[in-house]
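*Asks:* Protein chains in written order, with this note's numbering: chain A, 1 to 331; chain B, 332 to 687; chain C, 688 to 969.
One thing to keep in mind: the hints can contain errors.
[Claimed, not checked] Below, simulated EDC-like cross-link-like pairs (lysine to aspartate or glutamate); rule was C-alpha separation at most 20 angstroms, straight line:
1. B:569 - B:630
2. A:132 - A:95
3. C:869 - A:119
4. C:881 - A:209
5. A:246 - B:630
6. B:629 - A:85
7. B:629 - A:95
8. B:564 - A:268
9. B:415 - B:497
10. A:47 - A:106
11. B:564 - A:278
12. A:180 - C:866
13. A:180 - A:85
14. A:246 - B:633
Since the hints were made in silico from the structure, they are not lab data.
Below are the chains, spelled out letter by letter.
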Amino acid sequence: MATDSEVILRTEELTKYFPIRRGLNPFSRHHDAFVRAVDGVSLGIPKGRTVAVVGESGCGKTTLARTIALLTPPTGGHIYFDEKEITNGKMSKAELYKNMQMVFQDPESSLDPRMRVGESIGEPLQGLMQWKKDVVQDAVERSLKAVGLSAEFASRLPKQLSGGQKQRVAIARAIAPQPKLLILDEPTSALDASVQAQILRLLLELQREFDLSYMLITHNIAVAQYMSDMMAVMYAGNVVERGPIKTVITKPRHPYTIALIASAPIADPKRRNLLQTEIRGEVASAINPPSGCRFNPRCPYADSICSIENPPLREISPNHFVACHFAEKTA
Amino acid sequence: MDTLLSIQNLTVVYDTASKRVIAVDDVNVELKQDEFLAVVGESGCGKSTLGLSVIGLLPKPGARVSAGSIKYKDTDLLKLGSNKIREFRGTEIAMIFQEPLTSLSPVYRVEEQIAEAILVREMRKKGKKVTSDVMQTTYRNDSAPVSVTRIPRLKRRSIPGELRGEVIEYLKLVRIADPEQVLDRYPFELSGGMIQRVMIAMALSQEPALLIADEPTTALDVTTQAQVLKLMKELIKKVRTSILLVTHDLAVASQVADRVIVMYAGEIAEDADVLSLFSKPLHPYTNGLLSCIPSGYKDESELNPIAGALPDLSVRSIGCKFAPRCPRAMQVCSTHRPSLTSLEKNHKVSCFLYGN
Amino acid sequence: MNLHSAYSFISKNREATFGFAIVAVYLILGLVVALADIANIRITPYDPLQQNVGSSLGAPSTAHLFGTDFLGRDVFSRVIVSVPNDLVVSFCVVALAICVGASIGAVAAFKGGLFDELLMRFTDVIFSLPALVIAMVIAVALGPGLTHMMIALMVIWWPPYARVARGEALRVSHQNYIEAAKFAGQRTAKIIFKHVLPNISITMLVYATLDVATVVLTYAGLSYLGLSVRPPLPDLGEMISTSQDYLIIAPWLPVIPGIVIAVLVIGFSLLGDGIRDALEAS
Numbered sequence: 001m002a003t004d005s006e007v008i009l010r011t012e013e014l015t016k017y018f019p020i021r022r023g024l025n026p027f028s029r030h031h032d033a034f035v036r037a038v039d040g041v042s043l044g045i046p047k048g049r050t051v052a053v054v055g056e057s058g059c060g061k062t063t064l065a066r067t068i069a070l071l072t073p074p075t076g077g078h079i080y081f082d083e084k085e086i087t088n089g090k091m092s093k094a095e096l097y098k099n100m101q102m103v104f105q106d107p108e109s110s111l112d113p114r115m116r117v118g119e120s121i122g123e124p125l126q127g128l129m130q131w132k133k134d135v136v137q138d139a140v141e142r143s144l145k146a147v148g149l150s151a152e153f154a155s156r157l158p159k160q161l162s163g164g165q166k167q168r169v170a171i172a173r174a175i176a177p178q179p180k181l182l183i184l185d186e187p188t189s190a191l192d193a194s195v196q197a198q199i200l201r202l203l204l205e206l207q208r209e210f211d212l213s214y215m216l217i218t219h220n221i222a223v224a225q226y227m228s229d230m231m232a233v234m235y236a237g238n239v240v241e242r243g244p245i246k247t248v249i250t251k252p253r254h255p256y257t258i259a260l261i262a263s264a265p266i267a268d269p270k271r272r273n274l275l276q277t278e279i280r281g282e283v284a285s286a287i288n289p290p291s292g293c294r295f296n297p298r299c300p301y302a303d304s305i306c307s308i309e310n311p312p313l314r315e316i317s318p319n320h321f322v323a324c325h326f327a328e329k330t331a
Numbered sequence: 332m333d334t335l336l337s338i339q340n341l342t343v344v345y346d347t348a349s350k351r352v353i354a355v356d357d358v359n360v361e362l363k364q365d366e367f368l369a370v371v372g373e374s375g376c377g378k379s380t381l382g383l384s385v386i387g388l389l390p391k392p393g394a395r396v397s398a399g400s401i402k403y404k405d406t407d408l409l410k411l412g413s414n415k416i417r418e419f420r421g422t423e424i425a426m427i428f429q430e431p432l433t434s435l436s437p438v439y440r441v442e443e444q445i446a447e448a449i450l451v452r453e454m455r456k457k458g459k460k461v462t463s464d465v466m467q468t469t470y471r472n473d474s475a476p477v478s479v480t481r482i483p484r485l486k487r488r489s490i491p492g493e494l495r496g497e498v499i500e501y502l503k504l505v506r507i508a509d510p511e512q513v514l515d516r517y518p519f520e521l522s523g524g525m526i527q528r529v530m531i532a533m534a535l536s537q538e539p540a541l542l543i544a545d546e547p548t549t550a551l552d553v554t555t556q557a558q559v560l561k562l563m564k565e566l567i568k569k570v571r572t573s574i575l576l577v578t579h580d581l582a583v584a585s586q587v588a589d590r591v592i593v594m595y596a597g598e599i600a601e602d603a604d605v606l607s608l609f610s611k612p613l614h615p616y617t618n619g620l621l622s623c624i625p626s627g628y629k630d631e632s633e634l635n636p637i638a639g640a641l642p643d644l645s646v647r648s649i650g651c652k653f654a655p656r657c658p659r660a661m662q663v664c665s666t667h668r669p670s671l672t673s674l675e676k677n678h679k680v681s682c683f684l685y686g687n
Numbered sequence: 688m689n690l691h692s693a694y695s696f697i698s699k700n701r702e703a704t705f706g707f708a709i710v711a712v713y714l715i716l717g718l719v720v721a722l723a724d725i726a727n728i729r730i731t732p733y734d735p736l737q738q739n740v741g742s743s744l745g746a747p748s749t750a751h752l753f754g755t756d757f758l759g760r761d762v763f764s765r766v767i768v769s770v771p772n773d774l775v776v777s778f779c780v781v782a783l784a785i786c787v788g789a790s791i792g793a794v795a796a797f798k799g800g801l802f803d804e805l806l807m808r809f810t811d812v813i814f815s816l817p818a819l820v821i822a823m824v825i826a827v828a829l830g831p832g833l834t835h836m837m838i839a840l841m842v843i844w845w846p847p848y849a850r851v852a853r854g855e856a857l858r859v860s861h862q863n864y865i866e867a868a869k870f871a872g873q874r875t876a877k878i879i880f881k882h883v884l885p886n887i888s889i890t891m892l893v894y895a896t897l898d899v900a901t902v903v904l905t906y907a908g909l910s911y912l913g914l915s916v917r918p919p920l921p922d923l924g925e926m927i928s929t930s931q932d933y934l935i936i937a938p939w940l941p942v943i944p945g946i947v948i949a950v951l952v953i954g955f956s957l958l959g960d961g962i963r964d965a966l967e968a969s
């Protein structure tokens, strides 16, 4: 990753565990098990760049995003926004959210159905900056324009908008307070192909225009490839590989990354990669993860050490980190 | 290769209180024996409706077939009453759906559900009527009748050895590791991918000639999707089942299909074998769809989204439905409807750019 | 779904229109009576309190549309004057139930955890109190009367509303726009007020319109037991109980007030069904 002062967000051994209470006592402090949703994640997002966090369901990427956004308190570790720690309670949430905003996956539930578009977009301006009505109105119009919608959309209700338009409004709302970092949680998964393309292009334009940094959560490798500068792959709460996007996609070294990239369908009937992949088993449970390396039961390279010790991330080529005991063998 | 399924001039409408939506508009499709056909399109194009109408599962008040025929091996399925259709459904024609969690009954174990499917097949083979309350039949050589009733009991139902054996065979066919363990599980204990595989096992136990799969992998993880798709492709060869796959994902179609049909707003835009479609896409919509797929790296590639939005399907259109969004639209496109014509062997397109 | 489309939907549905008509008639009547009372004008053909023992137990006739009771009072006038009672009680009780129930349910759902447990268990306790017993306790403590019975019903009527509100609020709390509101720097109270409550209001309203009829019936029951308005002031339920001994010789005395209550209940029920169908269809 780039040198520290150029990093907009950095996490240090961030963990988020959810306690599972067995038994009927709602007040019991004794917990039988924990869902280790995020288990020691350290990554950084360089300024003006996009980092894709990629993984399948249950890998913890959404929980990671929500923990970084302080929507849920971290269990351990530290988060630094622009080198200021946000996990020690010294920065108020309002202060943080002026600089960090989020776009959610489901456009249908992103907007309050009873509020007009202009009110929804203006909400962060009124709540975080306490601007007056007329200032808010100007900012709302500029936001709408930036996402390609005309000013008259401000008076519409969400039910009068299509899925793609709703997502644009959600983006307009997120950029209204002029944040430095946007967390995009699967921003196009719920949209059709042509709408997805429009939104992705819009996000790239906005990044160039406003020098935004993005944390892009996605399960779609093609989207990650198109949008990002760096990629981090998560499995069962750990980051198993991270590095520059081209390196990770063309020279993946973690067996899970290899399987993941091989499973992504390519739109070319002459390259039927899917039919060659061979991946066994099911995604690891986050409650009872396998001991040692979480991926070891499914890994074709696994050996005895893999079920004992969970490998840490180590640098195997400039800026390319892999968490695998046998990373040299997988090339 | 013979034609297994022949859909001619099919039109399906949805009637709501305020308007009538034409979901499928005068569509012609042919599916041959052993063929893997993918029907691709965005939401609202009518692909799911097409799949549901073959098997007669259109939502009862609301949707109806207003014209056309669906011939399965020379029988027009649309002319059959609902009782007759049931004989085809689940035996010759099987279907699997998108949402795995709601496809299996939550109160029965996997073993019981697959056994039930097999018993239905046995009853049909013996010419017995399949009623909905109690199914009893003699399974193969066992002299005692086996019944799978709908009243759950606390004791474990016992299923005779031979029947159990066949259930395990099917689970192995769909590459489920530890089939003996999975037999005893309830659906909520299984992951989405496992359930989809159980669904495929159930569908295959009927020995169908045609399997219709409606977005079977959309709700699954990418690695699980790869496993399930690979399985479906293998099965065509092994059990000689033809597959009609409905999907919104062109990439998925390119990986597994022999032939691809692209639908737009209820009509077929292009119908070609998979290699031709991707190397020489003819219809501007197909082109648009292909250029919407993100490929290539940031700052190095261009995504060219299709401008505009889907037309209102409740309004009867005059010209080509794609014309308002088409970068190559001509005068004739807004006044006349193009029809699906063969341009080359195995490549049909519905567009005035190519004559007609 | 706004008022206009709800109205057009209801007008297409025959039963709902019928219900609407009935309720409208009662409402207008009630309003007129109340205004007349304030203005001190008598609009009924006879003074409801005027006794005339000579013409007691008279059958319905052109002079006395609903006949006369055992003290010779005109039943029609008494019935008309009692209508506002039922309406006022039912509206006030339901209105309060919505306010209290929605607040408690929304806060419980949104905050969750201990808050949720405590609030819901408190709701359960109130829910377990029987209406009748509470009414009698209040009647003993404060004396009988319309206001007192209204208070009694208000105390115990809100728990189902809290349950309904909590269910809806749980659904709403998981929507993305609530998280977006947190990103907008809104505090919990503001989010509940601005986002949660408005989005559960439709469900609450539907439940309330179906519930109003039950309040009317329950109040009529309390009034029948003599816990509400005391004679000689008229009240529909009370009129039934004081005249039930005359069922054989003067059946119109207990039956007519009963029918008046029943018709109002039917009207509310039909209207409530219509509103629910209209809102569900949207």
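*Asks:* Given the hinted pair residue 246 (chain A) and residue 633 (chain B), is their Cα-Cα distance within 20 angstroms?
*Replies:* holds, 17 angstroms
*Asks:* Has the given pair, residue 180 (chain A) with residue 866 (chain C), been kept, meaning a C-alpha gap of at most 20 angstroms?
*Replies:* holds, 19 angstroms
*Asks:* Within 20 angstroms, alpha carbon to alpha carbon, are residue 569 (chain B) and residue 630 (chain B)?
*Replies:* violated, 45 angstroms
*Asks:* Keeping to a limit of 20 angstroms between CA atoms, is the pair of residue 564 (chain B) and residue 268 (chain A) held or broken?
*Replies:* holds, 16 angstroms
*Asks:* Does the structure keep residue 415 (chain B) and residue 497 (chain B) at a Cα separation of 20 angstroms or less?
*Replies:* Violated, at roughly 27 angstroms.
*Asks:* Has the given pair, residue 881 (chain C) with residue 209 (chain A), been kept, meaning a C-alpha gap of at most 20 angstroms?
*Replies:* violated, 33 angstroms
*Asks:* Is the Cα-Cα distance between residue 869 (chain C) and residue 119 (chain A) 20 angstroms or less?
*Replies:* holds, 15 angstroms
*Asks:* Between the alpha carbons of residue 629 (chain B) and residue 85 (chain A), is the straight-line distance 20 angstroms or under?
*Replies:* violated, 31 angstroms
*Asks:* Take a quick look at whether residue 564 (chain B) and residue 278 (chain A) sit within 20 angstroms of each other, Cα to Cα.
*Replies:* holds, 14 angstroms
*Asks:* Given the hinted pair residue 132 (chain A) and residue 95 (chain A), is their Cα-Cα distance within 20 angstroms?
*Replies:* holds, 18 angstroms
*Asks:* If you draw a straight line from the CA of residue 180 (chain A) to the CA of residue 85 (chain A), is it 20 angstroms or shorter?
*Replies:* It holds: about 16 angstroms lies between the C-alpha atoms, which stays within 20 angstroms.
*Asks:* Against the 20 angstroms threshold, does the CA-CA distance of residue 246 (chain A) and residue 630 (chain B) hold or violate the hint?
*Replies:* holds, 12 angstroms
Of the numbered hints given earlier, the model fails hints 1, 4, 6, 7, 9, 10; all others are met.
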